[in-house]
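J.: Keeping the supplied structure of chain C fixed, place chains F and L upon it in accordance with the hints.
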Amino acid sequence: MVMIQFVNGLMEGMTLFLIASGLTLIFGVSRIINFAHGSLYMLGAFLTYELVPLIAPGTLLGFFASVIIGAAVVSLIGVVFEVTALRRIYHADGLMQLIVTIALVLIIRDVVRMVWGPNSITVPMPDALMGAIVVGENYFPMFPIVVFAAGLVIVLAMIWVIYFTRAGILLRAGTDDRGMAALLGINERLIFTSVFAAGAFLAGLAGGLSAPYGEVNHLLDTTVIVSAFIVCVIGGLGNLYGALAGALVVGVTKAMGVMYFPRLSMVLIFLIMAAVLIGRSLGRQGGSAR
Amino acid sequence: MLEVNRGGFAALGLALMTAFAGQTARAEEPVKIGFAADLTGACAALSEDEMNAVKIAVDELNAKGGILGRKVELVVRDSQTKPDEGAKVARELIVDQKVDVLTGVCSSAVMLAESAVSAEFKIPFYATIGSTQRANIELYQPYFWQTQANATMEAYAAAEYVAKKSEWKTIATMGSDYEWGHTSVAAFSERLKKLRPDVTIIEPIFPKVGETAMAPYITTALNTKPDAVFAALFGGSLGSLIKQGQGFGFFQRTNLVTLMTVDTLQSMGSAMPASNVYGIARAPFFALEQTPEVKAFVEKYRAAYKEYPTDWSINGYDGLMFYAAAAEHAKSVAPDAIIKAISEISYDGLRGKGLKVRAFDGQMNAPSYVGKAAKVADYDFPILTEIEKFDGAALMMPEDAIAEARKAAKK
Amino acid sequence: MTETAHPTRLSRRWSSLPGIDINWKLVIPALVLAEIINRSMGTSTTTLLTEILIFALFATSLNLLMSFGHMVSFGHSAYFGLGAYGFTLGVVKAGLPVEAAVFLGPLVAALGGLVFGALCVRLTEIYFAMLTLACAQITYTVLFQWYDFTGGDTGITGFMAPRFGLSEQGFASLTLVVVTLSIFALWWIVRSPLGLSIRAAGQDRFRAEALGLTVRRVQLSAFVIAAFFAGIAGTLHAVLNGAAFPDYAGLSLTLDSLIMVVLGGLNSFSGGIWGAIVYKLLGAFVPSFIHEWELVLGIILLAIVLTMPKGFAGLIARLGLDRKGAK
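Quick note, the sequences are listed as chains C, F and L, same order. Under our numbering, think of the first position of the first sequence as 171, with each following residue one higher. Under our numbering, think of the first position of the second sequence as 289, with each following residue one higher. Under our numbering, think of the first position of the third sequence as 2, with each following residue one higher.
Hints are computed from structural coordinates only; laboratory data are not their basis. Possibly wrong hints are sitting among the right ones.
To spell it out: a stretch of chain C is covered by chain F in this simulated footprint if at least three of its residues, at any positions, have a beta carbon under 8 Å from a beta carbon of chain F; those stretches are [stated by the list, open to error]: (1) 174-185; (2) 194-200; (3) 354-362; (4) 374-385; (5) 433-446.
Mimicking BS3-like on lysine-lysine, the simulated pairs with C-alpha atoms at most 30 Å apart in a straight line are [stated by the list, open to error]: (6) F:695 / L:94; (7) L:26 / F:496; (8) L:94 / F:410; (9) F:410 / L:281; (10) F:386 / L:281.
Don't be surprised by glycine CBs; every beta carbon is placed ideally from N, CA and C.
Next up, chain C with everything else stripped away, as it sits in the complex:
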């Protein structure tokens, strides 16, 4: 029982990481709190819903192709938003950037409701992922295992991009010292746009991947964004490994909490978040925590 709950927690943790990774990436580079991250996630889920019946329905390949194409479209939407709105206020007060992303939340929510209506929809699960690995009396469902694996692939891919490619070097340069990077002739705008595109892609990917495992409706955005914030804060905003650790901690805490103090699990998560924040203030002063 404890072990299964632990595994459940890890699985949920990875989903949370997928959600949080894009948010933390964008924050790490551009210092923007993208409140619309949950909305992009939701768009990813709805686009996957549209694509799944078109691309080899029922197959694993068709599902992943749908998710990736959906995420690419979300990424494109993100780029349009970044170029037309966000870019113009990078030098304004951070609050302005936040408000612009809140505006995007409102717009996307209503657009989604106009297009897909207020009812929940179901994204069919690929047949291959319906079952479970059964060990004795214990069931380990396939779907979250595959999502977990996908999450690991994404972590490794991100590490590879950040540490072993030219794009990653530029990105790190931009993060470490914006001014110096600009002086060295690095195109800051391009970096910000690419990072936003990548973040939006991750949000869309997370939305698409999680879609068959729950209900999809126009209210997903707020639920998702709050958990993404929690994870990022626990892990340290802008810190990729932190986000992974934070996501797993949150997932496992929630799953274990169900057994011992179910009604308090949500309060418990916020308490962890508060404790981490306060602990941070006791140690190094908050702010840059990459």
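T.: Frame of chain C; chains F and L shown alone:
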């Protein structure tokens, strides 16, 4: 003389005209239905179905000449699934729009907020979706009634159904961590214990409202090796439970008894397990007695909205038609006449004959339906089969128990 | 550089900071106009006016933190909610008379502000914002889940006659008085030595510390004050509806208040007031034309942030209606 006569005729004509104009103005003053519904926010989907059906009802009433010969007019406001917004629009509808009756709510919190406004202005208010029995018990006010089974009645119906499954010995319970979840689980357990003392009911678990990561709860519930799990869940949590449960072999290892209205059945679609899901419903169109009225309504609804009516639609339609019947009976839409009439009439609606509202707490003896979810040939979504209809009268809390509860709430 | 370090010139400069002076020629007619509107228009206008007033106070209390303390709170609704519940539970659970409980609401909010604030001011910028969010969500969750004490999700209703049984107009006048006095009190605080310290800490905390201010203590005072006034707004709101719901401490109210401050204009004392007026008027009239009113709001927000980042207060100033514009 001639001149005077002319003037006299003119004056007479003018007087006649004004009198006539006044007459028509009064006759044409419509009966205003204030529809303050949660058209955005968490309740949006349910409220929209309800509103769609209410629009049909208004058209039908007007085609027949309206209520008491007066045209029926629907005044719609969005309460955004926010209680204070609900109170605000309710007040606006009553004071500025001068509506004759208030309805539309879905969320329990909004319902109680609007009920308070209705009490303040003494304007009738009825609910057809929101089903908290706090509105019948400690927060009851005389201008309120609800035309659907409240949460307790629904849970009682589930308990009656489960009690008949003699092979089920251990029942696990879970509910969303808010008023409806807690009330439902408590009522279900109470009734089941009474009906089947031999059944073991496991301590309930309460996932937070809107929780979508259900795996830990599924694991906990399955760990007790229950024969069935009663789950007072809704929306996202319910969908997640069903989808995520399949990976745990939930529907091979146990049975699920839960709320399963037409919209849920539709949104689950192909993801619905082949068996072992039992649904409680309020008014599934396929389970209603297929009278000409029901058939006509379903046809009309499908023609207008390209989808089947949901439980919320049926109840919305029945709710307004019940009000119209009460008004015709009272020969007035004056609040006190309406309130007197609602407990005097017996209404035959889409959900069957003999629907009545009890004066003591404003609760209608509305039926509940429990059945087994299955895919059938006629529909492209699963429906409930082997349905049992539970008459509302047998499920309503007795008046003395309510009086007791009211006293207890006052302390 | 050197001139800002000179204390006398510093304070002179601060006292002439934009948007802090009151233009009496604007304020007094506005108050009179509000009362005339209240007395002459229909009830729903009166209710809208009452709401605008309550939210003007709420947004102004948040604005104290944001524009002057440069502390972006993501959880200001917590104190609105604590005010409402402090009052409501004071009546329902403690059996206080309504007239006494109204004083309890703001005090409970201030106490909440003291406890949460003491934790939050240890952090800065985004981490401060996140901790305020966590505190608000904890408050919300407790209000939502502690069924026996707070009534849970269905809140507490029917415990009093809404508006103390006053007429809509009467209560709107009362609200007008309370809100005006509260906003003047906030204005007075901003101008006071404490207000100067809050602004100093907000502009440059290290310099402020070098000048001998205990920045955390100053920020905590600002936090408690803001919480107290948010509590007044919450209490008024609970009286208006004769009800309290967990939503009052929810995330959407926090977002509403942030949007109001930005709409109205950051770095201006009147920003919160203008924001509440514009936001509530939009919310009252747009939905009757278009179902997708959030979409409209989102587009308006985008337009405002991208084209006039000083918000409506900035617009007013540019039109020369403000004293700052006249100067």
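J.: So, against the hints stated earlier in the document, which numbers end up violated here?
T.: 2, 3 and 7
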